[in-house]
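Whole structure, please, built from the sequences with the hints as guidance.
Chains as they are written, first to last, in this note's numbering: chain A, 131 to 264; chain B, 131 to 264; chain C, 131 to 264; chain D, 131 to 264.
Source of the hints: derived by calculation from the structure; they are not laboratory data.
From a predicted model like this one, the values you see are computed outputs, not experimental measurements.
Every clue listed holds true.
Here are the simulated PhoX-like pairs of lysine-lysine, each with C-alpha atoms no more than 20 Å apart in a straight line:
id	chain 1	residue 1	chain 2	residue 2
1	D	K137	A	K137
2	C	K137	B	K176
3	A	K137	D	K176
4	D	K236	C	K236
5	A	K217	A	K236
Number of protein chains: 4
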Amino acid sequence: MYTHQTKIRVRYAETDQMGYVYHGNFATYYEVARVEMLREMGLPYKKLEDRGVRMPVLSLQCDFIAPARYDDLITVKVTVTQKPSVKMFFSFEVFNENNVLLNTGKMILVFVDAATGKPCRCPIEITELFEQYF
Amino acid sequence: MYTHQTKIRVRYAETDQMGYVYHGNFATYYEVARVEMLREMGLPYKKLEDRGVRMPVLSLQCDFIAPARYDDLITVKVTVTQKPSVKMFFSFEVFNENNVLLNTGKMILVFVDAATGKPCRCPIEITELFEQYF
Amino acid sequence: MYTHQTKIRVRYAETDQMGYVYHGNFATYYEVARVEMLREMGLPYKKLEDRGVRMPVLSLQCDFIAPARYDDLITVKVTVTQKPSVKMFFSFEVFNENNVLLNTGKMILVFVDAATGKPCRCPIEITELFEQYF
Amino acid sequence: MYTHQTKIRVRYAETDQMGYVYHGNFATYYEVARVEMLREMGLPYKKLEDRGVRMPVLSLQCDFIAPARYDDLITVKVTVTQKPSVKMFFSFEVFNENNVLLNTGKMILVFVDAATGKPCRCPIEITELFEQYF
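This is how it looks when you write it as structure tokens:
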């Protein structure tokens, strides 16, 4: 397992008239957490795309426990839960500044060759990056 | 069970640079489908909010099978899978114009009293609307 | 001049905690209006993109007069104000169901050749479509 | 005049299939810049809302010069161009990491009393914060 934490400030644009973050926006927060994890490990996702790899999302699952609110500085904790293969498995926990757990999530992404549009093996850079953690 | 279908045109703003609809935007499509279902049944969600009821999302689950693309006229099929109580259970299927299944989803929403912020019983209007289907 | 009207239902996702449509979302409503105008004229914007033309936005201007609210069925009135050349000039007026003017806007888009990334002349299909109106 | 700079990382969710940041999303970047400016000055916008003040947008104007792209770490330079009164005037410049000017913008916001929904005078905290700069 490998875990990383990212802090994100909730934007006004992300709230809805209930006064909470619109539930669909957590997908974006999860994206930021995944991307910042890879960046910190030395492999920005953008580099992967530049090399012809795409990582579309296969599944997304969120459980909403407490609302995130405007201007909250939330912490998104992302965990790579399995050794990356054709797919990559992530879990998420989101906390507010009072350390209240706001939601938990899971995502599965798949490696795809941009040229063929078909699933492909995990790029060697990713394999090497994570092998020590599994 | 009660099923309703809504058509939604994919907007440019909803695509990402992969050329697909950004995965997080399906939460919004599901919202539109739920709301249009209630409107067609004679009970716009806005009316519920005006009466002091809120329906925050407890959980969201999506499986992405094939991408939705810009300008696709997608069909979102929403099903109320259980008799509404404190919670309301929905499932979703999204198809493109070629009748390809793009994704499936599930959501659980909870009825909340806006005054107290606490979960509350399903409003009587909702109960009456759905009782013939279960 | 050529004018077209499109109706759009305001989504929950588009509101913010002020209880209004977030101002940035009007750019998307303007997009929908432009696209539906072209579709009605027989030339979906998607077709233009398929032929290698892109229309990035050069400028956007909005004046907000009254708020749009959740579930409003707004009317977006789009006008092509000049004969299309390398650029295309649009103006917008948005009304709610009570015919209250919510905002006005202007946009300039430019035709770009997707292959070169450079501005290009207005495609002949567009020229022919609009010449009778100027 | 008072000027502040904020850095923002472009998210995948903010791109569109043209491979650029969707033009409407700059409104959100401008929001982040305004809010971070106020926070740095010691007066988070959230505090203003907690005291019953709202700042809806009266007008928005953007000129797009060059595209922002996925994962760009953009710098948003916000300037308060006039002494705040009932309205507050902002201008914006957005640069990418190569110091290329991507766009310029202007916004006018108005102070509104949340209780009455009417425009109100600039809160004294704001007046005091900015008086030394004009």
